Amino acid sequence: MTYENLNFKKFNMTFVDGYFYMVAEDDDLLVQKLDDGATAFSYPLGALLTNAVTSLEHDGINFWSMQDITAGASVSIKRWHLENNIVELKDTFNFTPNFDSDAFTVEHYHDTLASGVTVSGTVIYLNNYTSVVSSGIVITLGPNSSNQYEEVNVSTVSGSSIILVSGTQNSYDLGDNVNFYNNLWIFNNYGTGALHKINAYTGINLNTYNDVEYDNIRACTFTQASLVYVKSTNLKFLNVNTMNLSGVMTIDNLRANQVTEIIVYDLVISGNNIYRLQKEATYYGVDYPWSFYNYVLSTSRPFLDTVSISAYPVILPANSVNITKITMLVDDQYGDGTYYTPVFFTDNDSVGHMTINPAYTDYFFGTGEAISYYRAGVAYATVNIEGTATQYD
Amino acid sequence: MAATENIKLIKTSFQQANFTVDQGYFYTFDNQQDNLLQKTDDGNTSFSYPFDTLLANTSADAVRSAEFDGVYFWSLQNATNLTIRRWKIDNYVCKLQQTFEYTDSGSHTYDSTAFSVEHYHTQLSSAVVSGAMNIYFDDYWDDTTLMNFTTTSGAGLTIHLGPNANGEEEDVEVTATISGGVTISGATTQYAHAEDAPIHFYTYLWVFNNYDGISNATGALYKFDAYTGDYITRYAGGAYSAVNAATFYNVDSFPTYGIVDTLAYVKGTNTLFINIGAVGASLPYYGSMVMENIKLDEAAVITIYDICMDNQNIYRLQETPDGTATIWTYYSYLLSSLDAFVTSISLAAYPAIIAANTVATTGIVAIVKDQFLQPIIGRTVYFTEDDSVGVVVPGTDPTDGDGKAETTYTSGNTAREVKITAVVEQV
Chain F
29 MTYENLNFKK
39 FNMTFVDGYF
49 YMVAEDDDLL
59 VQKLDDGATA
69 FSYPLGALLT
79 NAVTSLEHDG
89 INFWSMQDIT
99 AGASVSIKRW
109 HLENNIVELK
119 DTFNFTPNFD
129 SDAFTVEHYH
139 DTLASGVTVS
149 GTVIYLNNYT
159 SVVSSGIVIT
169 LGPNSSNQYE
179 EVNVSTVSGS
189 SIILVSGTQN
199 SYDLGDNVNF
209 YNNLWIFNNY
219 GTGALHKINA
229 YTGINLNTYN
239 DVEYDNIRAC
249 TFTQASLVYV
259 KSTNLKFLNV
269 NTMNLSGVMT
279 IDNLRANQVT
289 EIIVYDLVIS
299 GNNIYRLQKE
309 ATYYGVDYPW
319 SFYNYVLSTS
329 RPFLDTVSIS
339 AYPVILPANS
349 VNITKITMLV
359 DDQYGDGTYY
369 TPVFFTDNDS
379 VGHMTINPAY
389 TDYFFGTGEA
399 ISYYRAGVAY
409 ATVNIEGTAT
419 QYD
Chain H
6 MAATENIKLI
16 KTSFQQANFT
26 VDQGYFYTFD
36 NQQDNLLQKT
46 DDGNTSFSYP
56 FDTLLANTSA
66 DAVRSAEFDG
76 VYFWSLQNAT
86 NLTIRRWKID
96 NYVCKLQQTF
106 EYTDSGSHTY
116 DSTAFSVEHY
126 HTQLSSAVVS
136 GAMNIYFDDY
146 WDDTTLMNFT
156 TTSGAGLTIH
166 LGPNANGEEE
176 DVEVTATISG
186 GVTISGATTQ
196 YAHAEDAPIH
206 FYTYLWVFNN
216 YDGISNATGA
226 LYKFDAYTGD
236 YITRYAGGAY
246 SAVNAATFYN
256 VDSFPTYGIV
266 DTLAYVKGTN
276 TLFINIGAVG
286 ASLPYYGSMV
296 MENIKLDEAA
306 VITIYDICMD
316 NQNIYRLQET
326 PDGTATIWTY
336 YSYLLSSLDA
346 FVTSISLAAY
356 PAIIAANTVA
366 TTGIVAIVKD
376 QFLQPIIGRT
386 VYFTEDDSVG
396 VVVPGTDPTD
406 GDGKAETTYT
416 SGNTAREVKI
426 TAVVEQV
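So the protein sequences, as listed, match chains F and H. With the first sequence counted from 1, adding 28 to any position gets you this note's numbering. With the second sequence counted from 1, adding 5 to any position gets you this note's numbering.
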């Protein structure tokens with residue numbers, strides 16, 4: 029078993045409704061693949077491509093591709109829409125000079141209507157993301173109960189009211205879906221690294237955040253109001269409104285030697301599943317190089333990831349009386365302590381023993397600490413104490 | 006099991022890189038033998054019809070696409086000029102009827118290996134006597150666009166009647182439509198034809214060109230008058246570029262549209278069905294269907310050199326069988342079907358990582374689709390897993406209106422990659 033799945037021949041990937049997608053520029057196709065590598069369908073591109081697509085995104089309505097046009101100097105981002113079995117090109121934004129990028133994403137939001145809209149309605153209300161809607165944005169409404177969609181242009185936003193340029197063609201019910209995008213985010217390797225915020229409708233650069241943190245980023249995506257990118261062996265969640273990290277989680281993109289990083293070429297998050305596109309992986313301590321690109325899973329659910337055990341003091345007299353405090357630290361992949369996780373201790377001394385077993389990680393403060401005590405035995409020896417914690421949800 | 010070679014058409018210099026089908030026989034133009042070969046499924050040559058006009062022997066002059074419209078064979082050659090020829094088997098000879106040469110100019114550059122002829126078939130709804138001016142037939146008589154077809158030289162639609170019981174056949178020109186049929190021009194019919202006698206007619210040639218005008222930044226679908234060869238219009242689009250296989254066929258695979266006459270072409274792993282009767286700047290599709298022309302590596306697309314359809318069968322001319330890395334000595338066909346079949350099952354777990362504690366669960370969702378990407382509804386999906394402790398419950402679930410079936414997996418007690426399999430039977 030070599031853990032291959034998608035067998036993508038190109039290193040771009042996105043995921044929509046249970047299917048994986050890849051743009052193959054040499055065939056000019058958007059290929060829809062199954063988890064086992066089989067091709068479920070393919071869609072011809074309405075415009076021919078020459079350069080390889082280095083990153084692919086889906087905003088709920090549109091596919092977005094990035095190509096390296098001139099190595100280390102310019103990139104092209106294209107918006108595509110699936111129409112009548114063809115992937116039609118809708119927009120092209122070229123960025124040059126000094127654009128050296130492997131990763132981008134589109135800031136996009138999925139919301140629902142807070143109230144119904146009648147035919148010719150000019151005002152809509154959203155449940156969650158009104159604050160990121162602005163004039164000029166195109167909102168996709170639908171499907172409604174008749175499976176109709178439409179795009180509407182935002183004129184202005186006043187409080188919670190989103191005023192449209194013209195009335196809707198169809199009626200929509202409270203709770204019907206709403207999709208929109210607003211900005212492109214491009215990681216730029218030029219110089220010491222930068223992250224560009226770009227108007228996704230005009231291609232105009234809105235802001236550049238220079239930071240070495242944004243250098244050499246190969247994979248990113250956007251989910252739930254966060255720009256998520258792979259930096260080394262971490263997945264970082266950037267709040268694009270505050271530009272502060274809202275979380276960091278570790279991923280297992282290391283070879284078995286625990287030193288060599290494995291490149292993550294593209295990234296998709298669907299629900300709690302994180303799909304990392306890689307050309308090699310390590311499973312249970314064994315490295316697997318692949319001929320093509322496959323996904324490797326992580327999960328965004330807090331998951332028991334590391335345990336660390338320590339004793340204080342570490343040397344005791346073997347008198348069957350003295351005790352040492354045993355602290356087990358149980359963290360998830362975000363480096364956060366787990367709550368009220370049972371830890372079972374074992375030791376290899378026939379007389380010495382743990383006084384509290386199992387011990388639970390703390391319930392209130394998220395330290396991840398489970399504390400127990402070891403009472404010494406009667407023979408001088410090195411005593412091995414093991415703690416085991418299990419994920420239960 | 007890998008497919009084996011069947012019709013065995015010669016690959017060298019594209020000598021027989023074309024085929025079409027009629028009534029169980031395959032036909033291929035061979036520019037080096039100067040024959041139209043009739044072949045059987047097992048590769049035997051059942052008959053051959055020598056050309057009355059010789060073709061040049063170079064690979065550039067090889068016929069790259071063949072079509073049959075019910076009466077005439079059509080060939081496309083992509084040499085210095087793009088050449089489309091109409092042929093007819095007559096007295097054991099494949100006789101050239103007409104040649105259209107397309108030369109590069111300041112307005113157009115031609116580079117194509119795929120075309121088709123728009124053609125239609127019906128039958129007489131009542132017998133025709135010799136000397137008749139009106140003929141009545143089952144279908145298309147009420148399609149005013151078709152019946153009012155006019156060539157660029159002003160002639161009306163030519164309808165081919167016959168052969169009748171005496172083997173006689175004739176062409177008549179439509180001048181007007183009447184209820185249930187048409188009035189023909191000038192002279193009356195020469196022969197009598199019985200009810201249900203076949204009727205064939207053709208209208209336009211459709212050429213997939215790797216140039217849109219003189220630009221190869223995108224491709225274009227060119228429309229030519231099939232009687233005069235004159236340029237009518239073109240539709241630009243990247244999807245029309247690098248197309249190697251196309252045909253025209255009467256298809257009943259799209260419930261929304263019913264039976265349709267459609268221009269079908271292969272792009273990548275899909276055959277797309279164009280509605281060439283639509284009006285507008287671009288042509289919509291009736292649908293698209295995925296095929297299995299992918300190599301063993303599940304990545305490389307296998308080239309389809311020509312395509313033809315007969316009943317619900319799609320024949321794809323290839324040198325590599327589906328799902329292999331084999332290269333055949335000859336071209337042979339691979340089959341697809343126009344009947345809806347279970348083609349793909351998407352299987353996903355949410356969440357995909359759970360604890361190996363015999364307690365944690367994950368939802369398993371299977372989406373079952375046919376080759377047209379339409380959901381397979383009301384079909385039982387059987388779920389299994391390869392973990393000795395973990396279980397999927399329920400083991401079966403019927404697909405809903407979206408083709409979805411769901412179950413739940415409860416984890417085992419060993420940290421490992423668990424393989425969950427979903428199986429659907431074609432009924």
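One should not assume that every hint holds.
[As the list claims (entries may be wrong)] Covered stretches of chain H, going by a simulated chain F footprint (3 or more residues, C-beta under 8 Å): (1) 63 to 71; (2) 239 to 251; (3) 285 to 293; (4) 365 to 372.
Hints were generated in silico from the structure; no laboratory data involved. All of these numbers come straight from a predicted model, not from anything done at the bench. Ideal Cβ placement from N, Cα and C applies to all residues, glycine included.
Cross-check of the supplied hints:
1. 63 to 71: violated (count 0)
2. 239 to 251: holds (count 5)
3. 285 to 293: holds (count 4)
4. 365 to 372: It holds, with 3 qualifying residues against the three required.
Of the numbered hints listed earlier, the single one contradicted by the structure is hint 1.
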